[in-house]
Every structure is written in structure tokens, then in C-alpha cells.
Amino acid sequence: MKRLWLWIPLGLFALFCGLAAYQLTQPKDEFVRSTMIGESLPQFDLRPAYASLPGAATADFTDGKPKLLNIWASWCIPCISEAPHLERLKASGAEIVGVAIRDRPEDVARFLANYGNPYSRIGADDLSEVQLAIGSSGVPETFVIDGTGKITYQHIGDVRAGDVPLLLEKLQEAGQ
Amino acid sequence: MIRLLLATLLATLLAAGMAVPALAQYRLPPAPYAYQQLENPAAEAEAQALMETLRCLKCQSQSIADSDAPMAGDMRHQVRTRIAAGEEPEAIRAWLVARYGDYVSYAPTVSETTWPLFAIPFLLILVAGILLWRRIGRKEGDAA
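Chains as they are written, first to last, in the numbering used here: chain A, 1 to 176; chain B, 1 to 144.
Be aware that one or more of the hints could be misleading.
Short, incomplete list of chain A residues facing chain B, as computed with Cβ under 8 Å [to be verified]:
1) T35
2) M36
3) G38
4) W75
5) P78
6) L132
Here are some chain A residues the structure puts well away from chain B; computed CB gaps all over 12 Å [as the list claims (entries may be wrong)]:
7) C17
8) K28
9) S74
10) E95
11) S128
12) I134
13) S136
14) G175
Quick caveat, the hints were computed from the structure, so don't treat them as lab data. Each residue gets a CB set at the ideal place from its N, CA and C atoms; glycine is no exception.
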């Protein structure tokens, strides 16, 4: 009986090693999710990032219609691959407000000329202030904002073809 | 040989071309207080201490004080301007934790998920103490 007791620490140690080995083989989730879901959009009022479109402010999100808030940048490579899917979201009736991070107007204009413009407004966030205030940790990220200015969903990374129906569904949910 | 050289040259050019858009995030000058210390040394020391315990979200194993990522620079600007405006460092940390969760802070806190880390060492010391006490107690008993 006493012999059996002696094996317990070794057993625990083996269990610990097994757990560590298992965790090492699992892919690491590097996403830092925003903890602002369910909270109100922070206060901001950004100047236009692009001459032909208005800037973006918190007040634009309280007109009763749910919208997408797309955090992006002309220097962001995945933003190029998400551009056609944002177009599809727009074609399906989604209104997309852009926030361009650390961007110059000429770079924004060049990006929109090359890859299309799905935005109704684009605000320029030169100091990543809105990005920090909303809990976004990179570009691109897409938030669903309901008609009262409450954040209801966060999509991290580029929007891919499979994400389009999900985002439309989240928009519809936000409108109910 | 020449073919190999050409291929290397082409690959280098391609790599350089790919890097251009990503580098464009550096086209805007860094935020005013990204690399500029506060004039008041006491406030700067406070800001520095806080920045060393905040995680850079782009390069997640570095603090924002260590990172040259533009986003870390923008976070340092945010920290320094808030400290200069008289905000308490812990209030700024709380503001960030409210947005990114505990992960953004390197300062250990006792919370719902972290309490075992603090409890287990005490438990182990307690168990070791009990074992030791029993063993020593038994030996003294044997001697008597």
C-alpha cells in the first residue's frame, strides 16, 4: 500500500508533462479579442481620410441602422484580399464605415482606385486612437455596430468569402 | 550559374516589392510622444514604469516600451499624454484592460482565472510543512 503512494508524485509529473506536450502541439491562438462587445462605441470624430467621402464619428452610428465598422489601412496586405468581399457585403445592403489607420490621403485614394471603394465614410485615425479605444489589435478588423451605437460583434482578420453570410446575419441580428 | 543569379535577383526584387505596402505604415511620422519623453522627469518615470508592464498587441512578447511597431508607438503616445494630463497609471491600465482583457497587462493580478497560481505555492508549502513536521515528529518519538 505504501509503495503505491510513492508513485503518485511521479504520476502527477507525467500527467503534467503530457499536458504540456499536448499544449505544445496545439496551434496558438494569437488573436487578442476586444472586450468591448456589448459596450457603446467610444466617442470619436475623425477627419475624412479621403477627399470624396466624409469622415467618421460616433454620431454616424446612432441613426437606427446597424452598420459595419471596418478598421483597415492602405498599407495592409490582407486588406487587399478582403476588398472584394466587402464589395459583396455592400451589394447585399450593408453600410460599411471605414477607419483608416496611420494613412495618407494619397495612399487611401490609390488603394480605393485599385481595389474598389465599399465605404460610405472613411475616418483617418492617425494615432490609432479609435483602434485602441475600441479594443482592436490589428488591421483588418470588422465590427458590427447596432443602430444605437452599441458594438455587437467583432471579426478579426480579413473578411473571406465564408464570412460574408455570417456578417450579414450578425448585421440582421443587430437590427432586431 | 547565370540563371541562378538571375533567379536570386528576381526573388530579391519581388521580396522588396512585397515589403513596400507594409512599410507604408511608417510613412506617417510617429505619434508626438512615441519617442519623445515627457518634460517632467517624475511623470516620465511613471509613464515608463507603466509602459514596461503593457503588452504590445502587434508583437505580443514585447512590452510597448520595447517595441518599435507603430501601434506600440501610438500606445506610448496615449500613455504619456494621459499621464501628462494627470491620469493615474493604474487608471490607464484599467482603461486598456477594459478593452483588451487582462492579456494586455504584464502586471500579475489575482482574478477568477489566475488565483490558482497564487494559491498553489501556499498549498505546496503547507503540504511540505505537514510532511516535514510529521517526519521530524516521528523521529523524535522514535528517540524517546
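In ascending order, which of the hints set out earlier in this document are inconsistent with the structure?
Violated hints (numbers, rising): 3, 5, 8, 9, 11, 12 and 13; every other hint is consistent with the structure.
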